[in-house]
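Chemist: Here are the chains, one letter per residue:
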Amino acid sequence: MQKHQEDGRVLAGGQSLIPLLALRLARPALLIDLARIAELARLGEWEGGISIGAMVRQRVAERSPLVRQRAPLLAAALKFIAHPAIRSRGTVGGSLAHADPAAELPAVVVTLEAELVVASSERGERTIPAADFFSGHYTTALLADEILTEIRIPGPGPSTGFSFHEVSRRSGDFAMVGVAAAVAVEEGSISGARLCLTGVADRPVLATAPELGLLGVAPDRGVFEAAGEAIAARLRPPTDLHGSAEYRRQLALVLVARALRSASQRARGDNEDRREGAPA
Amino acid sequence: MNEPPEPISPYEAIPIRLRVNGELRSGAVEPRRTLADFLREELSLTGTHLGCEHGVCGACTVLVDGEPARSCLLLAVQVNGAEVRTIEGLAVAGELSPLQSAMRDQHGFQCGFCTPGFLMQIQALLEERRALSEAEVREELSGNLCRCTGYESIVRGVMAALGSGADG
Amino acid sequence: MAERSPVGGGGAARFVGASVQRGEDLRLLRGQGRYVDDVRLPGMLHAAFVRSPLAHARVVGVVTEAARRARGVVAVFDGEEIARLARPRASIPGGTDDGGPPVYTLLATDKVRLVGDPVALVVAESRYLAEDACELVEVRYEALPAVVSAEQALDPKSPPIFEDLGGNVIYGPTTKAYGDLAGTFARADLVVQAKISQHRQQNVPMEGRGIVASFDPETGELLVHAATQGVNTTRAALAAQLGLAAEKVRVLAGDIGGSFGLKFGISREEVACAAASRALGRPVRWIEDRGENLTVSGQAREESFEVEAAVTREGEILGMRVQMVVDAGAYPGLAPMVVDSVREMIPGPYRLQALEFSATVAVTNKASYVAYRGPWAAETFVRERMVDLVATELGLDPLEVRLRNVARRGEPPLRMVTGPPLAGITARESLERMAELIDLPEFRRRQAAARREGRYLGVGFATYLEPAPGPRSPDSPPDPGELEHQRMRLEADGTLSVFTAQMPHGQGHETTLAQIAADQFGVDWEQVRVVVGDSSLSPAGFGTGGSRFATMAGGATLHAARELRSKVLEVAAQLLDTGPERLAIVGGLVVGEGAPAGGLQLAELAAAAERGLLPVGTDSRLEAEVTFDGGESGWSGGTHCALVEVDCDTGRVRVERYLVVEDCGEMINPAIVEGQVRGGVAQGLGAVLLERSAYDPDGQYLSGSFMDYLLPTATDVPHIEIEHLETVRLDPDVNFRGVGEGGMIVAPPTLCNAIADALAPLGARITEQHLPPSRLLELIGTIGG
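Line by line, the protein sequences are chains A, B and C.
Residue numbers for the first sequence follow numbering that gives the first Met the number 0, beginning at 0 and rising by one.
Residue numbers for the second sequence follow numbering that gives the first Met the number 0, beginning at 0 and rising by one.
Residue numbers for the third sequence follow numbering that gives the first Met the number 0, beginning at 0 and rising by one.
Hint data in this document are derived by calculation from the structure and do not stem from the laboratory.
All values derive from a computational prediction rather than experimental measurement.
Among these hints, one or two may not hold up.
What the hints assert, rightly or not - Cβ-Cβ distance ranges computed for the label pairs, FRET-style:
#1 B:90 / C:539: 37 to 45 Å
#2 A:78 / C:407: 53 to 61 Å
#3 C:218 / B:43: 22 to 30 Å
#4 C:452 / A:234: 26 to 34 Å
#5 A:23 / C:602: 54 to 62 Å
#6 A:8 / B:133: 38 to 46 Å
#7 C:139 / A:212: 56 to 64 Å
#8 A:220 / C:174: 56 to 64 Å
#9 B:93 / C:33: 54 to 62 Å
#10 C:33 / A:78: 36 to 44 Å
#11 A:143 / C:41: 41 to 49 Å
#12 A:78 / C:336: 46 to 54 Å
#13 A:135 / C:65: 32 to 40 Å
#14 C:693 / A:187: 45 to 53 Å
Said to hold, decoys possible - Far from chain B, by Cβ distances over 10 Å, these chain C residues were calculated:
#15 158
#16 393
#17 573
#18 586
Note that beta-carbon positions come from the ideal geometry of N, C-alpha and C, so glycine has one too.
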């Protein structure tokens, strides 16, 4: 990387980069394929949580019992990424480093307060909190000579439920809006909540329990809807062919409420699974 | 971390070796050559079709080390050493495979252009040996586009193949 | 259920009416199909086009030197050079050259008129290298304001897209009137008005366009491998545009990856490649990529209608006044023909007494108008949406309004006010049967209960007729160009060869024609070889399109097989020294009085005929040629129904049930019929919920990839329930009718009507066809729009 900062591109799974090459929208002089670096494909325990090498294929993570057990939100979100044939090549790290504002995984790592380990041949490793990693459209805190090597996700807290909801035009498309949510419920009231939205800004948008007015209140439909309204009101989402800013704001409102509700139900052990509006 | 290699000229051919439908094949490819083009142009395996070349339609799906993958989104150099299977490898001793027969019974496809991608995607599904509902099958196939059939006949073919317990 | 075929000469029908497996699948399922992209010729070169990034601009200069010097490049042709080699259009039947303005060139020269307009052609040793070199061609443009809507185009101050057209109107305004319009409006209790529109959408076959053109300088012959719906049409257009004698052009077509109307004749790019091959004396291949396909191959359906309907309080629709405006895109195409069909078909199966119809076709800086599955579909959309608007206005159930207006067989006048006879229609039966199938009263109760819980269910119906090909009309004899010609031959090995001008591209014609021929002749269907895709072997005829195949080619096959069977039996009688009336062909053997105990093999018979073992004067050529005019023909048609639920928080629509009650005459192969119906419905549902060819105000195309032009996937198309109605036989022999277009024609109004029904309590009045989630929330006022 050091040598080719200007015109090189790192090739992880290639499921985003190769289309850009095919459409002649990216034209690097050098592609650096990380696929042969075995240590980047490790998936294992890390403290109470998990460590995922940047080159772990999404399909491998999706099938991993460890991921399901230690990072249920990640397991849920992975299923929303495109299609099996894309996930079989696409990597967890590749999606994070690509930093598409509509992608699922950035929202997941921010919600879960993951740490991203990055490395350069010159300066060695450093660790970036997920919340500081995404800095804009397809831009991250990675320096030109750095690559992402590892994602460390803390284990699920006690009495915490997770859910991922999104609305896309079709199954597997990039969502117009997605919401990752984690809610902790203790003794009938909410003791913590974090959620993160995709598709509404140039990077994942985080909101926490105090901002959501959820701390210490009993989980019910009304408070979740109020939280949705509060977040939607402060968003300035983009408009594209598939949905206007106003439509995305409406989706944010609805999905925040739905995601908080199902996360809180799961926090109380009710594991009902829901997919948004997928035709039966 | 290994030191990255020097850049290679875009026109320089890199030798690759891989197994395709069980046979050892080798070639020399420019770094930018896709697996799909390598299969179609160098190996004359034109059964794999290109419907969009940007990873959405799924017509070019092949199996790479047993997993379905878009051959338009892979560079040939990336599959050096891999095991690749294409539609040409499905028939067993010249006879239609159980999946191919089920599709023929159900009139699965019409124009045949999306067929290779569907068959390879479904083949991977059959080899997982999971019990799947019709809704789950539709979800699994939602990354493959067909413009002719409205999918019902394809889904029926998959259900029939799943029901027969066939994995090849 | 399907009726069985009448007893053919060879015995009872065995194949027609059965869902026999497709012969095509033996190669297609093995990856052994041969599509145009699979053709490899020695010395073949690869073409790529330099295309306009602007919607409307003057071309100031094209500099090709750098590209010519680039690695692997053999030639670069700019628009001027191509203009010296080929004409932009052909004055042949089905061609677009009517001799009048506008004048333009095959590739752009003076101006570009849409994003993607081809400006130069690069021919190189590989496609990768051709595309590399395209980036080195420097084109200087002087931007002009883009005309991106019909409304803009109709403004006389809009910048002219073709200077010689005197404005941006290419056809009309024309007005035609039928019946006593003033009278119907005077008698009406109410006039219902609406502005109804369809959005731009497109064919999107999974295989794009493509050609491998190979000119042989020694013989002066051009051999073309094409993806086309008709080899003869392609050959005629190519010859005319290149200035070659038709005999010097041979067009071959292999398997074709879908078309839906797109691949008729030949496109500008394909002609340019053939011209390049002629200039270079080497084969030139061009395979359209998906971006090109979506941006420039052609688009359809963008039409708007001002409609007034004169109705009675009881829901009788007496008369309609319709003004149609077509946004036809940049270059001349199909739009004027579509206008005629829409006008003629708009009364549908209803007893409309009067119609005034005017139409205008505008040119815009967008992709050119092409045929897309049921090109005239607007007649059904406008009529069926209008019926529901009338019902809403009168507080009647839409099904009731349909039943009140639909023509009844046996009650005159059994014809549309615009002329076409309605002989044999089963529209009323299809409506009645649909009402039973869905139990409408029960649905209404469920709908009311759901509404109380804040859930929005809806039901929608639409009825259509498909001129496939339509009944024989006493006032219009068949056009010679519409006749179906066919040749059939018994080969020396006992195979029956069927030569047809039809060009299947997914419809399974090789199987269905074999079924008919086999039954009529008396052989196994697998013994029949259907020969398509070679202009040197094809009988005359324009190819596959307009849902004509079943009646026309099916009928021609039936008659040819009967004729050839008689001839074969004559020959057999000679050989066996018996009378032909004592013989029959059963299971591939000649049997009967005088035949050997085990029967006479057809191969033996053919061999004997070939060896000249027959008495002098016997016609021993085991070949028949027939021309079929369609006989009495008839309509296909039916009623579709959708039950939906709309999520009013997200705007997503779930299709709970989708039902089809249809009549396409006698079914040759029910599985193929149902595949056509379901495929058409899928495209229609896609049009409403997903697909739109979108432009920005500068004429930039926004739907140029599969991430933005959204085709329905397996999770978007519901299970489609189909019931076939018993048909009214109009012809003594041929009652197969086409079924290719109906699903696509009627699904959009069916779904829109269901969504409108669901959202009725929220005050949404739906008069457009594209209803993505965001638009639905706008229509119910959840978000601004």
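Chemist: Does each hint fit the structure? Answer for all of them.
Modeler: Evaluation of the provided hints:
no. : hint                      : in the structure
1   : B:90 / C:539: 37 to 45 Å  : holds, 39 Å
2   : A:78 / C:407: 53 to 61 Å  : holds, 54 Å
3   : C:218 / B:43: 22 to 30 Å  : holds, 28 Å
4   : C:452 / A:234: 26 to 34 Å : holds, 29 Å
5   : A:23 / C:602: 54 to 62 Å  : holds, 57 Å
6   : A:8 / B:133: 38 to 46 Å   : holds, 41 Å
7   : C:139 / A:212: 56 to 64 Å : holds, 59 Å
8   : A:220 / C:174: 56 to 64 Å : holds, 58 Å
9   : B:93 / C:33: 54 to 62 Å   : violated, 18 Å
10  : C:33 / A:78: 36 to 44 Å   : holds, 38 Å
11  : A:143 / C:41: 41 to 49 Å  : holds, 48 Å
12  : A:78 / C:336: 46 to 54 Å  : holds, 48 Å
13  : A:135 / C:65: 32 to 40 Å  : holds, 36 Å
14  : C:693 / A:187: 45 to 53 Å : holds, 50 Å
15  : 158                       : holds, 34 Å
16  : 393                       : holds, 35 Å
17  : 573                       : holds, 42 Å
18  : 586                       : holds, 23 Å
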